[in-house]
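Trainee: So the protein sequences, as listed, match chains A and B.
Sequence positions in the first sequence follow our numbering and run 1 to 296.
Sequence positions in the second sequence follow our numbering and run 297 to 594.
Hints are computed from structural coordinates only; laboratory data are not their basis.
Incorrect hints may appear among the rest.
As the list claims (entries may be wrong) - Mimicking DSS-like on lysine-lysine, the simulated pairs with C-alpha atoms at most 25 Å apart in a straight line are:
| hint | chain 1 | residue 1 | chain 2 | residue 2 |
| --- | --- | --- | --- | --- |
| 1 | B | LYS299 | A | LYS290 |
| 2 | B | LYS392 | A | LYS7 |
| 3 | A | LYS110 | A | LYS189 |
In this text the structure is predicted, and so the values were computed from the model without any measurement.
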Amino acid sequence: MNGRLRKLKERLIEGALFLSALLSVFITLGIIAVLLFETYGFFGEVSIIDFLTDTQWTPLFSDKHFGILPLFCGTLLTTAIAILVALPIGLTSAIFLSEYAPSGLRSIAKPFLEMLAAVPTVVYGYFALLFITPLLQRVIPSISGFNALSPGIVMGIMIIPIISSLSEDAMHAVPLGLREGAYALGATKLQAATRVVVPSAFSGIAASFILGISRAVGETMVVAIAAGLQPRLTLNPLVPIETVTAYIVQVSLGDTPAGTLEYRTIFAVGMSLFAVTFILNVLSYWFTKKFREVYE
Amino acid sequence: MRKSALNKWTDRSFFAVGLIATLTGLGVLLILLTDVLTDGSGRLSWQFLTSYPSRRPEEAGILSAWAGTAWIMALTGVIAFPLGIMAGIHLEEYGKKNWFTGLIEINIANLAGVPSIIYGLLGLGLFVRTLALGRSVIAGAATLALLILPIIILSTREALRSIPFSIREASYALGSTKWQTIRYQVLPAAMPGILTGTILAMSRAIGETAPLITIGALTYVAFLPASPVSAEFPFINLNGLSDAFTVLPIQIFNWVSRPQKGFFANAAAGIIVLLTITFLMNAVAIWLRHRYQKKIRW
């Protein structure tokens, strides 16, 4: 009897554990359901062709246009600037930490780089608006108070730890034998790093790179604070723009009643954002898996 | 010969380039901290911590903001910590290698990368509207709990994975059931790792702004959620759960986006408070990790 009771208890606990694990699947389903439901309502009123091809986004004006291109253009612009900053610095720093730095320096530098990642994004927004933008205004007088360049640079700095830390892990996992082979052929450290280690760790580096892009695409507060809230189809980094994420914040700050078209726009826009980051995340996961299979 | 000399020179100079690249991040962090400290330290005072927001910058404070943050963080932890650990245990200890576990795994990896503002939309559609919780403390905490759940699950799994299998076998040999083994052997040994991950997840939640703005947290709050302690039996009062709220990062955002310059100093002072809490949490997590890495050698 006691044994049977114990078995029952084990079963119950296992069931509860399974349900918690299942919850994560329901979160994803919940996200998709909520987004789809409101997006469906949105496309009942706005044609999907206008949504994808119209070059103006003015749902809060009386002359309403629902073209998502200006918002995605803003996201593309800030993300591109962020990656231009983060990729070279992050990758160089990863090569340095993995191949050159003495282990003492490495173990000090890593927690400090992690601190960069721990700073809340609203703080980076403050920094972009009140420090980087005034600094840029001294160099480029024509830049406006809200622009894509300043939040782009700050987002890039924010993403450096993601790229450097994950790439460094990937390079660290490359077996020593490969490096020794390169040295035996007369390679310098830099040659071994760039021609042997980096190509061998390519999938891990690619994963970190894609994860960085995904973070930049989804970043909200920095652009909501420092990029201005003006949707504009331009690749000029010196004028105010609006990103997909900043638009959601802009509408949420107002008091938009549920069920209105304005309310639904944030879900339609959110759905597009979710789709883009989903593809990036799956790609990154696939690259990570591939790199694990090779060296672990 | 000349080429190899050039190669050697490039190699040496890369050391400098790499060092500079690594220090860039740290340098920016230092500049950021100095900037915030010079802008905000003048506003930090007892009055700042104990006043409600105000139209006059020099009278405004962060009382409702930090009270809201304390409420949200406590509830987020209470919801996410047990759920995250339970899911982690299931996946690591009970999960069989089949397509379904594979699906859950890729799903969690994806969830960890979903932008936080999407969780805000989920919270808005699910908690605020469908479950009709309104723009309340509990809706905000539930949203943030879902946001940090993947992080807690991932670090729980990592911590469990580091416990050697021999510990489990020894426990089975003494006649323990699977759950007893996990409850009394594996989980206590993995706890430092799990706690480290949870603290890091909470330090991320405390700085989250976008999802709470999306679910409709207010930007101007001149009252506190009902106190959780009451003078009458049963001494606990949960009315605060359904109250409207603001949090520290939202208050900072509100001050940054005002045109009047006076509020920027308030924003900087708020940032000093927020960064102090965030860095303290991170320091505790790093210290925990460091301490147990040294202590336990299997």
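Trainee: Of the numbered hints stated earlier in the document, which are not met by this structure?
Mentor: Hint check: 1 fails alone, others pass.
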